[in-house]
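*Asks:* Spelled out, the chains give:
Protein chains: 2
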Amino acid sequence: MLRAEIIAIGSELLTPHRTDTNSLWLTERLNSVGIEVQLKTVVGDDEAILEESLRDALKRSDVIISTGGLGPTEDDITRKVFARVTGRQLKLDYEVLAGIRERFASRGYQMTPNNERQALILVGGKVLANPNGTAPGIKIDQEGKLIVLLPGPPRENQPMFDDYVMPDLERMSRGVRMASRVLKVTGLGESALDDMIAPIYKEYTNPSTTVLFTDSEIEIHLTGSADTAARAEEIVDELTDKLEEKLGYYLYSTTGESLEEVVGHRLRLKQFTIATAESCTGGLVAERITRVPGSSDYFVGSVVSYTNEVKSRLLDVPEEMIELHGAVSGEVAEAMARGVKMRTGATIGVSVTGTAGPGGGTDAVPVGTVYVGLSDDVVTSNRRLVLPGDRHLVRWRASTAALEMVRRRYLL
Amino acid sequence: MLRAEIIAIGSELLTPHRTDTNSLWLTERLNSVGIEVQLKTVVGDDEAILEESLRDALKRSDVIISTGGLGPTEDDITRKVFARVTGRQLKLDYEVLAGIRERFASRGYQMTPNNERQALILVGGKVLANPNGTAPGIKIDQEGKLIVLLPGPPRENQPMFDDYVMPDLERMSRGVRMASRVLKVTGLGESALDDMIAPIYKEYTNPSTTVLFTDSEIEIHLTGSADTAARAEEIVDELTDKLEEKLGYYLYSTTGESLEEVVGHRLRLKQFTIATAESCTGGLVAERITRVPGSSDYFVGSVVSYTNEVKSRLLDVPEEMIELHGAVSGEVAEAMARGVKMRTGATIGVSVTGTAGPGGGTDAVPVGTVYVGLSDDVVTSNRRLVLPGDRHLVRWRASTAALEMVRRRYLL
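As given, the protein sequences belong to chains C and R, one line each in that order. Just so we're aligned: the first sequence equals residues 1 to 412 in my numbering. Just so we're aligned: the second sequence equals residues 1001 to 1412 in my numbering.
What the hints contain is simulated information worked out from the structure, not anything from laboratory work. Do not take every clue at face value.
[What the hints assert, rightly or not] Computed footprint of chain R on chain C, listed as stretches where at least three residues anywhere in the stretch have a Cβ under 8 Å from a Cβ of chain R: (1) 18 to 27; (2) 32 to 43; (3) 46 to 53; (4) 141 to 149; (5) 281 to 289; (6) 305 to 314; (7) 355 to 367.
We put the CB at the ideal spot given by N, CA and C, even for glycine.
Given the sequences, and given the hints that come with them, work out the whole structure.
*Replies:* Put into structure tokens, the structure is as follows:
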């Protein structure tokens, strides 16, 4: 298996405020042709350290990708150090220079002399055109090893990588092809999930399986390899099918879609419309639903009722009900769902009421207590949850529970 | 200036799904005592590569911090490699072992033999107790250089670092103390801001100034150093005061507070209450306001009106107004703000209506057109914006504009 190494260059990446994220996207692309990333380095504007890192990289890796440090300022040391380590001169590329001049002219700016530096290319290197910025990339074949210098911004380096570097990597990896799939699961705990699926996925070494836990969801990552892309897909499909069968309705996506996208598809298919009534989530359920482009086809609106008065005035929750059962109760959750359905004219009303903390908890209703409610033309129901975590997590998990309640109700 | 290096260990950090974030927090702490981070490395479970990285680090850095790879599984190679490179034996620490046993027993679990490995300590190293997990940390003085091995999870390594490592770093940095401040600005473009403040901050090398641009806000980071913490604070205060005077109401925070927190303070102080009426932001303004603990003191509720029907039914926006001016118009924004104020009984109504895209734009109302409105007992007004960016960014920037409208109205 070929091995790659990624070097991110830039002093801002060594501050407490910024981190390298280019390497995640690059890793995905490298893995897709069976190339493993064995080391990631973040260096600042220190020539000696970059030189040492690059020399080490050349000793142990087949592919070396750097991002950043190609700009016009004095600090941009990438070209200089790569030239020194590979024993190449830097030469002004007049075609590249003309392109940079043109770019400045078309925007009505004067090109300053330090921008010329971006037209310096390592002798023997190939220029990678950058339609989205001034600094071009460079790739070099160094005694059979591939060295690639990319600019820092993702919108510049990603198209460049796909157009000019992926074909080389496919050639180098000599027919190793990978396929990957992300299965998304909700409503199951960590160990409950593992009990269900470990006996299945442990029988496979190809595809490999990784289970990742996020705020309120579980992702199962499958990666298969074969000599053709089609065969790699087949290998991943086989395990996907088995896990899908086992997980049943706990599995909500095998295509990387978010829960709100999946819910949106169901609603659109059934030609239903939805409205939300929210207390502790403060509009988060509505906000998640409307993240999806085109959600206006099925989302009509929402009422966030933080006070009891608004619950009564805008959602017709009877004051006596709130007095008798409390604002955080199944009765109120159902009344809110029914109320927002009636007031907005939506097919479905979904609601959340609860205490997200940190304050406001009582013995009877501790922080984290949440009721989700759903009302449609057939039934009105509610579900009680006690959610762990801080305010942010309780709100997020409550919004997921509300979306999940909708998904489960309209599975078929 | 002392120089540090951070090594993150773990194969999951070399996948497309996870990245090292421990280093950001550690960098903040190291910087606070004047220690610079000059390199960050992410390595997997490869002993040879970790060994090479560690040997390089020992040659060039005064402080070496590793995170991860201290767990009980075969893959956890940190102890082994650090022992080899520092020329030390690994010895079973019976006190640590007893602690791990106790931890398992108190949870009713049987301790498996591989957990014993977590009690292996480098000879001459100091055990760093871990009240939040099983694996203790280790610190070593290696010929005047400080080597620290930390577990991976932040809730385990952060208290440990503050309790056992910071005192050493303070001693090593011999009285260099740093102070930092984050100034948050909104409503100004990149170059307009720089024109305003560059002549001021460029006169200072201490504190140093970095300007960072995020989705819809600008952060100005100031870092000052001196021989005492109090003096470092003074140095930062001086420039903060000058920038504060220059920036005026564009500056909304010098204490790291978010815009929704600042707005919350103003509302609480004035004993005002607020409600939002939202179209394209889908509840995001309400969601941001209610992220703040205790926001129920001033936030009463929200109506998200995605359809014209809901705008009329729940916010009393006249149908004829929508027909005449369009749903995305200043008139409708004002009517929405007035409507939600009246319906909920809040002191202030704030509204957003616009087109977030990607579809739905027209020549007259292109994607990114947003009107924000505000209504209180004195005035009702609106503001038109054309926001750049994708759906996510337009929604975020529109929500910021709404919050900013509230902040500006009640500055005094």
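*Asks:* Are there at least three residues in the stretch 46 to 53 of chain C whose beta carbon sits under 8 Å from a beta carbon of chain R?
*Replies:* holds (count 4)
*Asks:* For the stretch 32 to 43 of chain C, count the residues whose Cβ lies under 8 Å from any Cβ of chain R; is that count three or more?
*Replies:* holds (count 8)
*Asks:* With a Cβ-Cβ cutoff of 8 Å, does the stretch 355 to 367 of chain C contain at least three residues near chain R?
*Replies:* Held - the stretch 355 to 367 of chain C has 4 residues with a Cβ nearer than 8 Å to chain R, which meets the minimum of three.
*Asks:* Apply the coverage criterion to the stretch 305 to 314 of chain C and chain R: a residue qualifies when its Cβ sits closer than 8 Å to a Cβ of the chain, and three qualifying residues are needed.
*Replies:* holds (count 7)
*Asks:* For the stretch 281 to 289 of chain C, do at least 3 residues have a Cβ located nearer than 8 Å to some Cβ of chain R?
*Replies:* Result for this restraint: holds, n = 8.
*Asks:* Against chain R, does the stretch 141 to 149 of chain C show at least 3 residues with beta-carbon separation below 8 Å?
*Replies:* Our answer is that it is violated, as 0 residues pass the Cβ test (under 8 Å) against chain R, missing three.
*Asks:* Please count how many residues of the stretch 18 to 27 of chain C have a CB within 8 Å of a CB from chain R and say whether that reaches 3.
*Replies:* As far as the stretch 18 to 27 of chain C goes, the hint holds, because 8 residues have Cβ atoms under 8 Å from chain R.
In the structure shown, a violation is registered for the earlier hint numbered 4 alone.
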